[in-house]
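A.B. asks: Those sequence lines, one after another, are chains A and B. Under UniProt numbering, the residue at position 191 of the first sequence is numbered 191, and the numbers go up by one with no gaps. Under UniProt numbering, the residue at position 157 of the second sequence is numbered 157, and the numbers go up by one with no gaps.
The hints are simulated quantities; they were obtained by calculation from the structure and are not laboratory data. Heads up, some of the hints might be wrong.
[As the list claims (entries may be wrong)] Listed next, with one range per pair, are the computed distances between beta-carbon atoms:
| no. | chain 1 | residue 1 | chain 2 | residue 2 | range |
| --- | --- | --- | --- | --- | --- |
| 1 | B | Arg-67 | A | Gly-51 | 31 to 39 Å |
| 2 | B | Arg-31 | A | Ile-143 | 29 to 37 Å |
| 3 | B | Asp-68 | A | Leu-30 | 39 to 47 Å |
| 4 | A | Leu-133 | B | Ala-29 | 16 to 24 Å |
| 5 | B | Ile-116 | A | Leu-30 | 52 to 60 Å |
| 6 | A | Trp-125 | B | Tyr-28 | 53 to 61 Å |
By construction, the Cβ of each residue, glycine as well, lies at the ideal position given by its N, Cα and C atoms.
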Amino acid sequence: MWQFFHKLGSPKWFFGIATRFMPWLLAGGLLLLAAGLIWGLAFAPKDYLQGNSYRIIFIHVPSAFLAQSIYISMAVAAVVTLVWRMKLADVFVKAIAPVGLLFTFLALFTGAIWGKPTWGTWWVWDARLTAMLILLFLYGGVIALDRAINDEKSAARAVAVLVLVGVVNIPIIKYSVDWWNTLHQPATFKLTEKPTMPMEMWLPLLLSVLGLYLLFGWLACIRMKTEILVREQRTRWVRELVLAGRK
Amino acid sequence: MHPIRKKRLTIVLFLVAGLAIAVGLTTYALRQNINLFYDPSEIAAGNVPVDVRIRAGGMVEEGSVIRDPESLKVEFRVTDFSASVPMEYVGILPDLFAEGQGIVAMGRMDASGRFIADQVLAKHDEQYMPPEVADALERASKGQHKAADAQKAAESTAY
Numbered sequence: 001m002w003q004f005f006h007k008l009g010s011p012k013w014f015f016g017i018a019t020r021f022m023p024w025l026l027a028g029g030l031l032l033l034a035a036g037l038i039w040g041l042a043f044a045p046k047d048y049l050q051g052n053s054y055r056i057i058f059i060h061v062p063s064a065f066l067a068q069s070i071y072i073s074m075a076v077a078a079v080v081t082l083v084w085r086m087k088l089a090d091v092f093v094k095a096i097a098p099v100g101l102l103f104t105f106l107a108l109f110t111g112a113i114w115g116k117p118t119w120g121t122w123w124v125w126d127a128r129l130t131a132m133l134i135l136l137f138l139y140g141g142v143i144a145l146d147r148a149i150n151d152e153k154s155a156a157r158a159v160a161v162l163v164l165v166g167v168v169n170i171p172i173i174k175y176s177v178d179w180w181n182t183l184h185q186p187a188t189f190k191l192t193e194k195p196t197m198p199m200e201m202w203l204p205l206l207l208s209v210l211g212l213y214l215l216f217g218w219l220a221c222i223r224m225k226t227e228i229l230v231r232e233q234r235t236r237w238v239r240e241l242v243l244a245g246r247k
Numbered sequence: 001m002h003p004i005r006k007k008r009l010t011i012v013l014f015l016v017a018g019l020a021i022a023v024g025l026t027t028y029a030l031r032q033n034i035n036l037f038y039d040p041s042e043i044a045a046g047n048v049p050v051d052v053r054i055r056a057g058g059m060v061e062e063g064s065v066i067r068d069p070e071s072l073k074v075e076f077r078v079t080d081f082s083a084s085v086p087m088e089y090v091g092i093l094p095d096l097f098a099e100g101q102g103i104v105a106m107g108r109m110d111a112s113g114r115f116i117a118d119q120v121l122a123k124h125d126e127q128y129m130p131p132e133v134a135d136a137l138e139r140a141s142k143g144q145h146k147a148a149d150a151q152k153a154a155e156s157t158a159y
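All chains, full assembly: derive it from the sequences and hints.
C.D. replies: Here you go:
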């Protein structure tokens with residue numbers, strides 16, 4: 001266990017393993033996402049109340065899942081940065097923060113498009129929507145703080161603290177619909193309980209969620225590899241790698 | 001674990017726990033402001049200011065919707081099954097507005113206890129189902145003799 005943990009701290013080792021996993025992540029992700037979206041958008045039955053407009057759920061829910069999961073994984077990496085000072089954890093946070101921002105934006109955007117025909121409004125200041133907007137600003141803050149500090153080590157620590165401070169927002173997003181009166185309905189897609197939708201709607205949704213997770217894995221690898229190359233450009237293995245690629 | 005790391009981990013855990021408690025207490029204290037709308041019980045209990053713009057939400061009572069044939073005026077009652085509030089709205093309602101559906105309305109309470117809405121939003125629940133299943137469930141709740149096959153239809157598609 002600890003040996004694996006220490007290996008994970010080596011950028012060179014990660015670079016190799018990421019290169020090996022990436023094609024699988026990309027292929028699996030595209031396949032699952034395409035299957036989930038085509039099934040969900042074209043073949044799943046329509047909803048008795050909302051008709052076809054509910055189908056945006058197949059994009060909205062996976063984006064919202066990713067938006068929160070990415071933040072949780074960033075928080076775990078932030079603890080590793082603060083406690084073990086592992087370089088790779090900081091590389092991870094830095095590489096995936098913009099991806100999290102993107103998915104949060106997508107969740108808010110698709111939610112607004114969905115809200116107009118069903119609720120009758122693009123936006124309402126209810127607890128769920130507001131907490132999600134705060135998550136968007138947190139991602140923005142993490143990216144900005146990282147860019148604002150030139151020294152790599154102090155930037156890593158400052159960002160880690162900010163990420164940890166923001167993590168209280170995650171349970172608020174998750175439970176906002178249960179704790180307070182909101183316009184947003186409670187969760188449909190639950191992993192621990194019986195879903196409140198029939199199997200032929202739930203399965204395509206599951207496929208899209210899994211596919212998007214895999215694609216996120218691919219995106220995280222490619223961005224981390226770039227960041228590693230930039231940071232380790234003076235080391236021998238990177239030079240050898242670049243020289244080998246040039247030949 | 002290395003003692004320095006242990007110390008750092010303790011600090012991090014304290015930071016997160018302290019923050020969680022602080023935010024938890026704050027949101028608990030502000031819970032009335034975070035709630036998007038008042039429910040009919042709160043309005044009936046008189047916890048709602050008169051002539052102040054507020055939101056009220058609940059279920060549109062079955063058989064309570066009266067549409068004025070001459071204008072866009074609609075009157076209905078909103079209930080949470082323990083109290084109900086009469087509402088009045090002039091304008092176009094969202095597609096999902098129907099008896100038995102949830103709504104959230106923005107407006108004011110007038111002195112006579114009516115809610116004058118200037119915006120009505122539809123609220124829907126987390127249940128999704130194909131139209132056939134919804135029909136089957138409806139039939140099941142109306143006709144007892146059809147209940148058995150409707151139940152079967154619902155079970156074959158809904159999980």
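A.B. asks: Does each hint fit the structure? Answer for all of them.
C.D. replies: Now the hints, each set against the structure:
{"no.": "1", "hint": "B/Arg-67 to A/Gly-51: 31 to 39 Å", "in the structure": "22 Å, violated"}
{"no.": "2", "hint": "B/Arg-31 to A/Ile-143: 29 to 37 Å", "in the structure": "32 Å, holds"}
{"no.": "3", "hint": "B/Asp-68 to A/Leu-30: 39 to 47 Å", "in the structure": "55 Å, violated"}
{"no.": "4", "hint": "A/Leu-133 to B/Ala-29: 16 to 24 Å", "in the structure": "21 Å, holds"}
{"no.": "5", "hint": "B/Ile-116 to A/Leu-30: 52 to 60 Å", "in the structure": "53 Å, holds"}
{"no.": "6", "hint": "A/Trp-125 to B/Tyr-28: 53 to 61 Å", "in the structure": "19 Å, violated"}
Violated hints, listed in ascending order, are 1, 3 and 6; each of the other numbered hints is respected by the structure.
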